[in-house]
Each structure stands twice: as C-alpha cells, then as structure tokens.
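S.K.: We have chain X; now place chain F onto it with these hints.
Protein chains: 2
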Amino acid sequence: MAAVAAQMASELKAGAIVTDVGSVKGCVLKAVGPELPDNVHLIPGHPVAGTEQSGPAAGFASLFDDRWCILTPPKDADEIAVASLEAFWTALGSRVEIMEAEHHDLVLAITSHVPHLIAYNIVGTANDMEAVTQSEVIKYSAGGFRDFTRIAASDPTMWRDVFLNNKDAVLEMLGRFSEDLTALQRAIRWGDGDALFNLFSHTRDIRRRIIDAGQDDAEADFGRTHED
Amino acid sequence: MAAVAAQMASELKAGAIVTDVGSVKGCVLKAVGPELPDNVHLIPGHPVAGTEQSGPAAGFASLFDDRWCILTPPKDADEIAVASLEAFWTALGSRVEIMEAEHHDLVLAITSHVPHLIAYNIVGTANDMEAVTQSEVIKYSAGGFRDFTRIAASDPTMWRDVFLNNKDAVLEMLGRFSEDLTALQRAIRWGDGDALFNLFSHTRDIRRRIIDAGQDDAEADFGRTHED
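First to last, the protein sequences are chains X and F. With our numbering applied, the first sequence covers 1 to 228. With our numbering applied, the second sequence covers 229 to 456.
Bound-form chain X, shown alone (with noise of 0.2 Å):
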C-alpha cells in the first residue's frame, strides 16, 4: 500500500480524499500516511461484508446492505471529508461507524481475525489425521466441521497479511481463547457438567441478538448460494 500510495501521490488532486477497504487499520495510516502530500485527505476504511469469495466477480448487489463500514479518520481528519466518505458508504447500503484505528483492529481481531485463524487451524488438524481419513472428514462434515471450512476457504494471501500486521492484538485475543479453551478442556476431564452447561446456555443469548440486530448471515448466504 504504501508503494502504491508513493506512486499515485504527484497525481491526486488538492483535497481529494484517499481510502481503503482493508481488514487492518493501524498498519494502513501508518504505511501510507507519510507518502501522501499534505493537502489529501486520508481516511482509512473497512466495509465489514463480504464471504469466503474474492475479488469483483464475487460481488452481489445485496453485498453491503445493513452491514457496517467502519471508518478510522486520524485525529486531525477534515471533518467535511469524513461526512463526504460516510455518505458514499451509505449510499452503498452501509451503515457507518467511526472509530479509532487501534480499537478497530482490537475489535476484528476478536470478531474476525481470530475466527478465521481456528477456522483455518481445525480445517488443518482434521486433515492431518491418522485414524479419521479425509473422506469421513468430508461425509460427516455436516455435524459442524462444514462451518468451519467456508471461512477456512478465504483468500490464503490476504488473511496472510492480516495475521501479519495485526499481530499484536491477534495475538492478544489468541491468548484469551487459549485460556478459556483451557478452562473447557480442563471441566470436560473432570465430568464439570455444569460449567459446561453454564458457558454454553450463555452463548445462546449472543446469537439471538445478532439475529435482532439483522448480522444473521442470510443475505450473504443468499450471495453465496449464486456464487457456488
């Protein structure tokens, strides 16, 4: 990005307005900040839609509809440039936040990022087994593996990038589900059905508020359905 920002920066016009739709925030004002001249505004952003698909052909029309963009302007940011970049999101079908880059990445690490790493992660222990083959992995995915491997399926050289320029607050996050992991672990050798029970009557709750808040995944579903 910042090669490329080096390359374009003679050729954008005074007050024109720079963004991106990358998945790591912090890593983007830093990179390409000092490459731009002074008079553009940079304003780094990340549409929080998609599915496991890349590029333009795996658009949809629905693609951005009720999903929220997040918009990370640094503290000097021309307020009338935000406003002109959170109407174009919003004409999209977005809703927009705006927020500091170092809290969006915290915020994906944990809802995105590290998803994506155990998704990754259970994908590649289930393949490397001796006494399961890869075709029972296949036949009996049904029981919740298959969930797994949709996002386990997303574009190797962009999550690459992610991990490695989000490192701290994925590895942050990494360390909390490793505990808690732990804990689980650690009810289920000793028979603690109850604290079992109590984590996973907990987690219901969260998906029934998800589904309220219109974040279920029908409309990507039925993105994903043409695109298969």
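The reader is advised that the hints may include incorrect statements.
Said to hold, decoys possible - Computed footprint of chain F on chain X, listed as stretches where at least three residues anywhere in the stretch have a Cβ under 8 Å from a Cβ of chain F: (1) 65-79; (2) 105-112; (3) 127-134; (4) 170-177; (5) 191-199.
In case anyone wonders, no lab produced these hints; they're calculated from the structure. Remember, it's a predicted structure, so these values are computed and weren't measured experimentally. Idealized CB from N, CA, C, for every residue including glycine.
M.R.: Chain F only, in chain X's frame:
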C-alpha cells in the same frame, strides 16, 4: 437412556429393533445393551444432520436428504435387522454407513464435537472482553464471528452430555487442535508468512471437496431461514 431401556424392556416384542439418534455411540451400547432382553436387536444410530435448533418443530422436509446416517451395530448383530434399519434411513433420504461405535466417536469428535467446543469457546471469550463491548461484537460479527454463534446456539443440555460421554476422543482431538494452534501462534509472533500461507492454501481444497460431495450447507440454510 439406560433408565428408559430398563422401563421398556419387558414390553418389547421378540425380534424388535431398538435404535437411537444420539451423537455419541459407544456409551449407548454400554448403557442400553445390558438393559434389553436377548431377543431384541440393539442397533445404535446417528443421523449427521440438523441445525442449531432443537425439538420436533425444528424439523423440515429435506432434513435428511443426502445426509449420512451412521449405524453402529455390535459385532454379533443380526444382518437382517441391520438391513431393515438401513432401509428405514434410506427411505428418509439418508445415505447409510456402518462402522464400529468407537470409530464413530473418534470421527465425530473431530467433525462435530471439537468444532462445537471451539465455537462455544470463542463466543464465551468474546463475551468477556473489557476493551471490546458486546454491542461491538454483535455489530461487526459479519467478519466471521457470526458463523460461530450459530453453532454456539445449540442445545446446552445435549452438548453438555456429548462432552461428558465422549470425553476421551474429544480430549485427544482437542490436544491436537491446541498443538496446531500453538504452532500458528508462533508463526504469527515470528512473522513467518510462508507457514501461514501454506496452511491457508491447503485448507481451501477441503471446502471444495465438501461442496463436490454435496455436503455444503445450502439445504440446511434453507431450512434454517424458514425457522428464523
């Protein structure tokens, strides 16, 4: 299950077939077998199909279409009884596979039980953040997290019992998952992009094979959309 078997034992007709649809099979053979008279056929079964919804109202007409149903007859089972039960599931639209109960429990540990456990776990971890609010987790769940909330909304009583009754296989598979996750964590910490890219490329193939095998979630999604 043992209590129910004991209660119905004296009412069973000679030659009757007794089966079940539970998610763990070794414990069913052990618990139910001794309670039944010698002149009935115990053939445990497990249709690998369903959504996160429970109970009769969560059924839909295509629920079993092209999904696998695993039967785990004991070694000395009557072949005609097994064939009858196989015909029953085939008539419901299922494909049928016969395997030993112990192998079933290992296969399902990796294709269903551990995926559910890590889904419950990530949702629990996300719930307990201080730096990221619940409302943020919900708003930005379209980045990957929401896929996990669906299976983490499964019935808490049933899943508690799955983990308590398939302890050894689940702990074995969970151990492998954690080892692999530690290696990934290390790759991120050291900025080893090649290790990340290699795993992420590898996991893509298995998704394609699940779609080719007709085990993707289009049908289940369809049922689910009607439920929600």
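S.K.: Any hints this thing doesn't respect? Which numbers, in order?
M.R.: none
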